[in-house]
Structure formats: C-alpha cells, structure tokens
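Visitor: The primary structure of each chain is shown beneath.
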Amino acid sequence: MRDAHGIEADGLVREFKKGPRAVDGIDLRVAPGEIYGFLGPNGAGKSTTVHMLTTLLPPTAGRARVAGHDVVTEGPSVRAAIGAALQEAALDPLLTAREHLRLQTAMHGISGEERARRTRALLERVGLADAADRKVGGYSGGMKRRLDLALALVHRPRILFLDEPTTGLDPQSRSALWGEVGRLAQEEGVTVFLTTQYLEEADVLADRVGIIDHGRIVAEGSPAALKAEIGRPSVEAVPADPADRDAIARTLARFGEPEAGSPKGVAVRLRAGAGSLAEIVRALDAANLRVEHLQLHAPSLDDVFLAKTGRSLEGAGENADVRATLEPATA
Amino acid sequence: MSPLLSQVAVLAGRSVVRTFRQPANVVFAFFFPLVLLAVNVGGLDAAVRIPGFPSDSFLDFALAFTFMQGALFATTNAGTDLARDIQTGFLNRLALTPLRGSALLVGQLAGIVVLGLAQSLLYLTVGLAAGARVEAGPVGVLVLLLLAVLTVIGFGAIGAFLALRTGSGEAVQGLFPLLFVLLFLSSMNLPRNLIEIDWFRTVATINPVSYLIEGLRSLIVTGWDGQALALAFGIGAALAAAALTAASLALKGRLART
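Protein chains in written order, with numbering that gives the first Met the number 0: chain A, 0 to 330; chain B, 0 to 257.
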C-alpha cells in the first residue's frame, strides 16, 4: 500500500478576498509512510493547506504533488490516491454508519460483494460494528470521528489527510484514534498528513512536525530535534523552608546556569541535560536541604512555538483571522 | 450497472431515506395539501354555481392544486437537504470521491421524483376515493402523473440551484413563501376567465403556474385538451430546462475541486 511519492509542495499560496494570505508560500516534503504533524493555532492556515493538497481548493500560486500527481492538473488521480477526514466530521445524522459506508463505497465504484465485505471490515476496525445500524445523529463525538476515519479508508488510500481529527474528543477517544492512526502508518505504510492544534498529539503521533503560523512554516523537524533546538532542560526546586532558598540555589548552581523560575522556586538550566536530575537529588539530600517541589522541565513544542513566533501556542489562535470562510479572490 | 447509474441510484436512495426519516417533512409534504384540499372544497364548493364554471364538482376542479403544492414541498425539502450537505461539509466528502457532478444533481432530483410520485399517487387515491373523476381516463392518469413529475423536476431544480448558489438552508426555505404566493396568484381557485379583479387576472395570466395547474386540471375536468396540455408540458419543460441549466452551473461553482 505504501506510496512511492508522498507529498511535495513548493511555494504554495492561497489568497482570499478581503484578507491576508491564508497560506503564504509553504514548502513541504512528506516522505512515504511518514506521519507528518501540521501544528498551529486556529486560523494559521492548516485547513486551507489541507484543502489545497486534497484538490478541494486551487492554490493561488505555487505547486504541489500528492502521490506523484499534480493537485491542479491531475485532481482525479490525487483523489483516487488519498483519503481525507476533514475538520467537520461531515456525516448525515439521518443515516446509519452502514449506510454511510455503503454510500461511500458506491461512490468509489466498489462493487456489491466487495462493498459488503469492506463495510463489515471497516466497521470492525473502528469498533462500530455494534452501532452500525444506529443513526449517526445519536453517536458520540468519538464515534463520529471513528466513522469519519473509516469512510476515509474505504478505497484503501495510500495517503491520509486528517484535519484536526481529535478536536473536541475526550482523552480516551483521542487515545483510541491515535492508536488507529499509528497502526495505519506502521502496519500498512499509509502516509499521514495530520493537522492539529494539540501539542501532545503532534508529539505522540508525528515522525516530523511542521509548525505553521500566519500561513508560513516557522519550524520543521522531528519533535525531539525541534525541542533540542530550543535548548537544554531546566530544573526548578521549591524549598520546604524558605530560609533554605540561598543554600538550594548554591547547590543547583553546580549543575547549570540560574534562570527565572516561580516566585518561591529556584531554577537552573542544566548543563548536562536531564541525566543530572538524580545527582541533584543526591546533592540536595547530602546538604540536608528539603524541597517541597522538584520539577524537571524539558522543552516542549510549545516552547518551540514560543521561540519561533514570540507567542505561546495555547490561545495563539484567539486573535487569528478566520480566513477559511472568506471568498476566494481568484474565483 | 455503470458507475454513473450506480452513483445516481445511491444518491437518490439517500434522498428518499432521509426524507422519510424526517417525519415533519413527510407529514407536511404528504398531508398538508390534502388538508388544504378539504378546506377549499368545503369552503368554496358554491363556486361551481358560478355561470361558466367548468365543473359541477369543486373537488374535481381543486384536485390539480394538490399536485402543485406537493411539488412545492418536495422541492423545498430537497433544496434544504442539499444546502445542509453544503453547510456540514458532506458535499466536500462527496467531492473527494470520483463523484460526477451530474450524478449529484440527477440523484437528488431522482429522489424527489420518487417522493413527488408517491405524493401524487396518494393525492390521486384520496381524490378518487372522495368521488373525483379523471375525465381523460386511465391514460389520462398516467399523463397527469407525468406532468406532476415534470413539475417536480422543474421546481426541484430551482431548489437545488438556490441551495448550490447560496449554500444556505434558510435561503431555500425563503423560496417557499415566494412560490406559495405564486400558487395563490394563479388560477388555482377559479378559471382565469372568471376572475373579476383585473390585476389578479393579469397576474394569473402571466403566471406560469396557472398553465401547469390548468394542464393538470384539464385531464381531470375536461378530458383531453390539447392546448392546455401543450402549454403545461411546454412551460414545465422550459422551466425544468432553465432551472437544470442554472443548477448545473451553480454545481460547477460549488464543486470547485481541481
């Protein structure tokens, strides 16, 4: 099932009427079989990028190839190779899961017997076999997302686009969906392009992450590499007795350079990385210094976002332009 | 079955299924025209005594109106459903499949044709059971159903056009009162030559709905009236062709996939 091409984009731009560029010159390379996390706040341009890569929206400028096909001139070939679960779990509340799958398989030209077999297999796979004949209007958010995923897999796509697949889901449903996406990539070699505004999701799932802000990719790499770029971890200790604060600061200073911590705490950026935590504990114990709280803070993708954009990802979308609803300038 | 036919069949089936799963829609589309028929027949029965009235049964005269009203309900429901597909992103889901644009339009319209036919059969059955007669006989019944279907296609395409153009269920719902006014400003309750108010007669004369109703009515009341049928089928076909063309163009714009 593994595709030989993956996803490539060069200088991809999408401009909307009455607004700035939603996507402002994106370059992308997603290798076959890779899970690529596209991380950014609301309004950053994630969904617009997905719409262009899935042929639903023509780019204003630039070019992109998906599964080896140009998204502008070879739309039908691109669509035949991809599956997509877009941001809205676009389901008909009046139809059952089985009816949705029957419709989707028929649209893809899958014939009678294979249609029934594929429907059964996918219902089993996403854990909806027992609810297959219930109307989707009564499904939970997690069930809808699982059905959405099943519908995207009907024609055995080589590349899967998931646009914020876990937004609004409870942790259990989120984790189940992560498991399924991971299996698709690992066991079936499906290339996954996943947009998300959840740091944890990108961290757990993605082989590589692209961080997008205001329509531009501001950082790209594996989660570990991106975090390593930001710097070394820090440790913060909050003394059990405030009188020990200076003594604790002197002890911690042996392991790194002081940095700003919480008002009650003492923090240092570790010279030798997270491995020195055990030594710190031993040093504090040897000096008979008791701490109320000791915390290792490893750089997160939020720190990466902060470093690259000057803002925290949490809430960064609050002031973002809602561009997806604007009319195309070139239409 | 060819891929196109398969897509049309599945989309038409969905259109029918989702309508029957919305009881409010079914009740209004199937029964409201019959209720209005009963009210009209009860209240306007004396009209048959007006000199020159073409029938001695107001039921026979008014029965044609139910087909028009049924077409109107089927249309609005179908248009609203299509608009909902756009709003929820379901159309995008379909656009990512090898869906042919024509299949979407034909499938949607095939669905409302099935519904319109079912409604027409119900109105006809109730009308005949209540004592109405179709002067044109059994073949006339078939022609009547054919004209009803043509009307449903024309009105359905208008609903589809509005849905595709605006993507808004509210806009489609807004069409309903407008078309309803067109029905009332037609010759639905009196033959045009008996309408005494000049402006009303003028409006009814230029209102294409009058000719659709008169074509349907002629089969019930008169028998075979070539002129009335030619006008009804001609106007119905022109309406359907214009609305289908507009809807196809709107679909092209809406399915802006590459």
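Hints were generated in silico from the structure; no laboratory data involved. Incorrect hints may appear among the rest.
[What the hints assert, rightly or not] Under the rule of at most 30 Å between Cα atoms (straight-line distance), these lysine-lysine pairs were calculated in the DSSO-like manner: (1) A:Lys226 to A:Lys16; (2) B:Lys251 to A:Lys307; (3) A:Lys307 to A:Lys263; (4) A:Lys226 to A:Lys263; (5) B:Lys251 to A:Lys226; (6) A:Lys226 to A:Lys134.
Visitor: Evaluate each hint against the coordinates.
Guide: Hint by hint, here is what the structure shows:
1. Straight-line distance between C-alpha atoms of lysine 226 of chain A and lysine 16 of chain A comes to about 37 Å, which puts the hinted pair past the 30 Å bound.
2. Proposed proximity of lysine 251 of chain B and lysine 307 of chain A is contradicted: the alpha carbons are some 41 Å apart, above 30 Å.
3. At most 30 Å may separate the alpha-carbon atoms for a hinted pair to count; lysine 307 of chain A and lysine 263 of chain A meet this at roughly 29 Å.
4. Between lysine 226 of chain A and lysine 263 of chain A the alpha-carbon distance is near 27 Å, which keeps this suggested pair within the 30 Å criterion.
5. With a C-alpha separation of about 46 Å, the suggested pair lysine 251 of chain B and lysine 226 of chain A falls outside the 30 Å cut-off, and the hint is violated.
6. At roughly 44 Å between alpha-carbon atoms, lysine 226 of chain A and lysine 134 of chain A are farther apart than 30 Å, so this suggested pair is violated.
The structure shown violates the earlier hints numbered 1, 2, 5 and 6.
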